[in-house]
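We have chain A; now place chain B onto it with these hints.
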Amino acid sequence: MTLLDVSGLTVRAAGGRALVTDLSFTVDSGERLGLIGESGSGKSLTTLAVLGLLPEGMTVTGSAVLAGTQVVGAPEKRLTALRGRDAAVVFQEPLTALDPLMRVGRQIAGPLARRTGLKGRALRDATYEALDRVRLPEPGRVARAFPHEISGGQRQRVALAAALACEPALLIADEPTTALDVSVQAEMLDLIDTLVREREMAVLFVSHDLAVVAKVTDRVLVMKDGRAVEEGAVRDIVGAPREAYTRDLVASARALESALDLRSAP
Amino acid sequence: MTPVLELTGVAARYRGARTDVVSGISLAVRPGESLALVGESGAGKTTLLRLLLGLARPTAGEVRFDGAPLAPRDREQMRRFRRGVQCVFQDPYSSLDPRRRVGAIVAEPLRSLGLDSRAGAAPKVAAALEGVGLPADAAERYPHEFSGGQRQRIAIARATVCDPRVLLADEPVSALDVTTRVKVVELLAELKRERGLTLVMVSHDLSVVASLCERTAVLEHGRIVEQGTTAQVLGAPGHPYTRRLLDSVPRLP
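These protein sequence lines map, in sequence, to chains A and B.
Numbering-wise, the numbering used here puts 202 at position 202 of the first sequence, and it's gapless, one number per residue.
Counting from 1 along the second sequence, just add 266 to a position and that's the residue number in the numbering used here.
Don't read these hints as lab results, they were simulated from the structure.
Treat the hints with caution; some may be incorrect.
[Said to hold, decoys possible] Looking from chain A toward chain B, a few residues come up when the C-beta cut is under 8 Å (computed): (1) 38; (2) 39; (3) 150; (4) 152; (5) 182; (6) 183; (7) 186; (8) 211; (9) 214; (10) 235; (11) 247; (12) 248; (13) 252; (14) 256; (15) 260.
[What the hints assert, rightly or not] Counterexamples of contact, computed for chain B against chain A with all Cβ distances above 10 Å: (16) 326; (17) 382; (18) 384; (19) 388; (20) 414; (21) 443; (22) 470; (23) 477; (24) 504; (25) 513.
[Stated by the list, open to error] The following label-pair restraints were derived from C-beta to C-beta distances: (26) B:396 - A:244: 22 to 30 Å; (27) A:243 - B:334: 51 to 59 Å; (28) B:374 - A:56: 34 to 42 Å; (29) A:78 - B:396: 36 to 44 Å.
Every residue, glycine too, gets a C-beta built ideally from N, C-alpha and C.
With the rest of the complex left out, here is chain A (with noise of 0.2 Å):
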């Protein structure tokens, strides 16, 4: 079943200018996309106008429709209903994604509270279940503190919670590791996939780095100057790249990586 529809999605800035043209993919419940491109490539404005958060100014149109409703010019109202039930998101830097001013356990108990109606004493156990779950030691400790008290990696971890708290039918992941460091990225990379799993959740994944959107999603999409340029299995478009664009990211990446290799070899 389609999850979401993208089709002919074009996004103008305030002075007219596209900066997306004419998208077009969709995502079945339960399937992995990863939308890759370097910067300006307009894959975060195709995120947010999924989510009809596009910043003010900014006109849409086409259509994307999410769980069965036209997001693209829907009411703020109807909007608010969708995001966190059909779709949340987790964005690139959790340090100005979550609320400074907000205890931790908070801004997880939000969301919970709002899908499940639980209250005091069963609303704490099951904030402090949504922080294990994100395998976060010490849920009690982590709950009571602020943002700006626990490190990036356990921030990025407790974004990911209020997402998950919400139990969306679709994740939407921006850039959820580029902050990181290289092994705390592995950890999470690796908490996502097996967590998505669990819940059969549909991702719409984005990242500039080719071997970080492989390691969660089987199909992308590549994007380059707000246009889609070629879409497959991650596989194929690594291993037999057709486009020209795509075959220029590939490499620059395979020559970074062959470093690497060089280097292991006794």
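Chain B alone, transformed into the frame defined by chain A:
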């Protein structure tokens, strides 16, 4: 050969702090030989770079430049030091003054070191811009007219305009897209090869380190857990932390 830069038993702490951020650090940078400082956030990489730049003072041990202890009060030595050791920062969006033309930005070290007058600097600036693959008319333009990769080239031109022996680079390519990253890595490799420039690079990106540096020191919690040739450290890591770093690097399928 006397190391250009050397740390012996160095420890440092933040102002007012009771514990050291780095301690027991001994490493040497020999002329023409490039060193990578590898580790994750909070490992003390940037503190080490600040010590090597003379921007922070050790609480124990010594920082040596050309064999002599670095003395920030010794103006003659500091002049030689500033001329010999230049740096490139991570974020080319914040390290270039947006209100000055690229020509003035690149000429800055020549001016502040008192090496050249404005007229005398022009040909050197043009040569530095050409050396990093930017068009000559770049000097007349402002930083915002350039992409991230081009801005990092401008920062490299500024760092190399006074012909330094050592380039200290703090995560020089991590803010760049992968295709741009490859090109800037190639540029740094070329500067090393053609000018015999010594590179000291702080990075968490092991493939960039492997592409550029002959030697690697791995930092964890303010201490060096392993150092040696890059082939040895990354090819046959002896410390579990180094192995964990290597295993964490995502690979293409």
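Original post:
Among the hints numbered above, which are violated by the structure, and what are their numbers in rising order?
Top reply: Hints 3, 11, 20, 21, 22, 23, 25, 29 contradicted; others consistent.
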